[in-house]
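Peer 1: Here's the letter readout for the chains.
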Amino acid sequence: MRMLTFAKRCTKEILRDPINLGFGLGFPLVLLLLLSAIQANVPVSLFEINTLTPGITVFGLSFMTLFSATLIAKDRESALLQRLYTTPLKGFDFIIGYMLPLLPIAIGQTVICYLFAILLGLTVSVNIIYAIIGIIPMAVFNIALGLLCGSALGVKQVGGICGALLTNLSAWLSGVWFDLKLVGGFFEKAANVLPFAHAVELEKALFTGNHEVVGTHILPIILYSVFVTALAVFCFLRKMKKQ
Amino acid sequence: MQEIKAVGLVKQYKNLTAVDKLNLEIRQGELFSLLGINGAGKTTTIKVLTCIAKPTDGDAFVGGYSVTRQSEQVKRLIGVSPQETAIAPNLSVKENLELICGIHGFSKEKTQAKIKELSGQFNLDTVLRRKAGKLSGGWQRRVSISMALISEPKILFLDEPTLGLDVVARHELWDIIRSLKGEVTIVMTTHYMEEAEVLSDRIGIMKNGCLLAVGTAEELIGVAGTEDFESAFVSIVKEGSV
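So the sequence lines, in the order shown, correspond to chains A and B. Going left to right, the first sequence walks through residues 1 to 243 as the working numbering numbers them. Going left to right, the second sequence walks through residues 1001 to 1242 as the working numbering numbers them.
Next comes chain B alone, as it looks inside the complex (with noise of 0.2 Å):
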């Protein structure tokens, strides 16, 4: 079944076009990445797909809810953790994570709980009382990512979720986000390949706005006749089209 159903959706800023008549189709459950070098275009498509930037063309379809007309619908439905870390930085962490439970309606015993189960699913509860803008790169992730499921979404948007992450924490946030697999679908953009091929179900690999190519790592590197994802990546991004 599709959750997600994007349509010659295009988004324009000024002479620039970000995302190019992108059609794709993301199955429920899967997690599913979108790769691409600087400036392909994924961000831009995260963000239309999640209300916050409205395309110039085409429409997309996020739970059967249009992001042009039903923007209400959809921003029921997702949790989005956004590139740079969207953390509120004097507040502390517990704090970060009681505002997203307010904003969500949330009673105190629910925003309690909540708090209770995103501690243990993200061992938050040694850095509960700390100042979130004082915690390292690699926790604020987590923070942020913990943020995005106060409103258990059926949905979740991962923006380039290890950016800039040491090697240590970049692989305990993919087995945080394994442990989300199943549970939501995963929308997930990257540059790294690995963590592409590694985490994701599906691929798919943007350029200057356009979707090259979809499949599972094993798909593109036989589509690609490499030997490699790497390689793959690499020919499909340089021949421009597959």
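Chain A on its own, in the form it takes in the complex (with noise of 0.2 Å):
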């Protein structure tokens, strides 16, 4: 009851923003209708829809880090936190509160990505559900990677790192924009390292039905998701006690 008073406050502050509203669903439906209008107008297989949308979804997430980090670093640094450390709120109820309500506007805006895309002519399939579901696990992995950064960072470093750095790193790094093949080496290496390719590669699969590479790409967002999700326990927990 205290941690869905605690989600449901956390829910309106991040919906209340018009900042957060214009980019996180803004920028990626701006994204799909520009890259649409380009491939209108090239003779090559550039950004078709039915390949560019998965990714767009995938790339979106990433504002879900800015979200939540931009929150908790904003509280910390008002005193907000202060008065509900004192209250009867325990440590498990903040980091639910905290990252419970981001969950279903992540999911919400992959929901509205994929409505978009239709109406840009993305086939519609019962793939887009498996899709849709599908996009949990790196939620997950961005939103705990946003309790982790606003547990460590101020709100300045916050809008450098999460807002530009890391939706910059998860969109040169995820294969949205280009073939990760066609840099190949290092670059490839890297991205293949990380969990935002896999995501993408995931997304794909599902929505083209290519069910027998999910467990490739599933396995290592899950391994990211718990490791960066039990950091950034360990570390708002550690802060709490830092005091």
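Since the hints were derived computationally from the structure, they do not count as laboratory data. Errors might be hidden in some of the hints.
What the hints assert, rightly or not - No more than 30 Å apart at the CA atoms, straight line, and that leaves these computed lysine-lysine pairs for DSSO-like:
1) A:Lys239 to B:Lys1154
2) A:Lys156 to B:Lys1054
3) B:Lys1054 to B:Lys1021
4) A:Lys12 to B:Lys1094
5) A:Lys90 to B:Lys1108
6) B:Lys1131 to A:Lys74
7) A:Lys90 to B:Lys1238
8) B:Lys1005 to A:Lys90
9) A:Lys241 to B:Lys1154
10) A:Lys8 to B:Lys1005
11) B:Lys1116 to A:Lys8
12) A:Lys156 to B:Lys1014
13) A:Lys12 to B:Lys1134
14) B:Lys1094 to A:Lys74
15) A:Lys241 to B:Lys1116
16) B:Lys1005 to A:Lys242
Quick one: dock chain against chain with the hints and give me the complex.
Peer 2: Okay, structure coming up:
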């Protein structure tokens, strides 16, 4: 009950921030629109909506990291957390309270992306539902990464690291914009070690019904999600105790 | 009867001793001010007494419970209004109050009754539906203190409640704090001489983490041998010990 009250508050804080809404929901849709417009005017297959959309949904998740990190860092700086530390809320209530609201927001963002893509010509099939469900492990990874960054960094640092660096990293190393094999070498290897490219490939596989490769890609994402969540929980609780 | 007792309380941050072997007793129902210049250790003392920070050494007892071993029991007795305004900025004033009610496990009926009661006490009716983050500093402090009172605390901690407020807002907040006297034990930190003198039953003067002197404003003036409280404070702080 206490945790749900706190989670409800976090939901309102996130959804009432116009910058959050603008970037989180608007930016992926603008990208879909612009890249589809480019595709319509070039003779080669560059940004086909069926291959572009799964990648854009994964890219959109990087904003979940920004949302959660910003919220936690702001709470820390505004002393709201200090007040809440003196209430019966426990560490577990805080962690779930911060993470829980972002999961439906992430799924909602993915649903909106797919609905918008349908308007732009995306093939409609039951696989879209599988792709939406398949986004959950990567959403957990991004949200936990936000918890980690928000616990360790200040608001300004969060803006730079999560807002600029991380969104770019997740974009370039995910293979959304180009085939990673085209670059090859260390870049491709690094991308395959990180979860971003696996998340895009997972989404593509689920969307196209290529279920044979799902296991290959979902495993590293789950491992990263578990590891980052554990690290974020440890860091948050440590900061809480270190006051 | 003692409501708060600190025994050899120490809080150290790496090379900085923020609170140094603090011994302090605060009586039930009194308004006790911790007065000191910046960095005196006032806020750290509050943080330890409210279980936000763990002491490095020593212990403190709030309502008879140890802050080191019985923090859950301590948290049930206290309300805290931190130095910086601790409100959720994108929530309305009403939602902020509901948040704290919910965290304390109030029913819907009790929540509504509590909001009505605090709105009357703090004149919040006109701002209840406004976003808390859009209010002036004075109103935000009002909301912050009303949030601290939701759990019906026996002990209220106010950390620099009027810091940065204009003179009118400060006097309005003083009226609110005066109205709370007697109902709850209040521990307030401030670096405004006038505030401490006008509001407090007793004042503790801190410097470099140490408590230099404790007494009523008149007692401290007498001990320092000065004509007014401000001079007494300056004399005590400059001498370092009384």
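Peer 1: All the hints need checking, so say for each whether the structure fits it.
Peer 2: Outcome of the hint check:
Taking the CA atoms of A:Lys239 and B:Lys1154, the gap is about 28 Å. The hint holds against a cut of 30 Å. A threshold of 30 Å between alpha carbons decides the hint, and for A:Lys156 with B:Lys1054 the separation of about 28 Å falls inside it, so the pair holds. Restraint check for B:Lys1054 and B:Lys1021: satisfied, since their Cα atoms lie roughly 14 Å apart, inside the 30 Å limit. Our distance criterion of 30 Å between C-alpha atoms is met by A:Lys12 and B:Lys1094, whose separation comes to about 13 Å.
Pair hint A:Lys90 plus B:Lys1108 holds up; C-alpha atoms about 22 Å apart against a cutoff of 30 Å. In summary, the hint linking B:Lys1131 to A:Lys74 is supported, as the alpha carbons are separated by about 16 Å, within the 30 Å threshold. About 43 Å separates the Cα atoms of A:Lys90 and B:Lys1238, which puts this hinted pair outside 30 Å; it is violated. Between B:Lys1005 and A:Lys90 the CA atoms are separated by roughly 26 Å; this keeps the pair inside 30 Å, and the hint holds.
Annotation: proposed proximity of A:Lys241 to B:Lys1154 holds, straight-line Cα distance about 25 Å (limit 30 Å). A distance of roughly 38 Å separates the Cα atoms of A:Lys8 and B:Lys1005; the hinted pair therefore is violated under the 30 Å criterion. At roughly 22 Å between alpha-carbon atoms, B:Lys1116 and A:Lys8 fall within 30 Å of each other, so this suggested pair holds. Distance restraint check for A:Lys156 and B:Lys1014: the Cα-Cα separation of roughly 25 Å lies within the 30 Å cut-off, and the hinted pair is therefore satisfied.
Restraint check for A:Lys12 and B:Lys1134: the C-alpha separation of about 16 Å stays at or below 30 Å, so the hint holds. About 21 Å separates the Cα atoms of B:Lys1094 and A:Lys74, which keeps this hinted pair within 30 Å; it holds. This hinted pair does not check out: A:Lys241 and B:Lys1116 have alpha carbons roughly 35 Å apart, beyond 30 Å. Using a Cα cut-off of 30 Å, the hinted pair B:Lys1005 and A:Lys242 holds, with the two alpha carbons roughly 23 Å apart.
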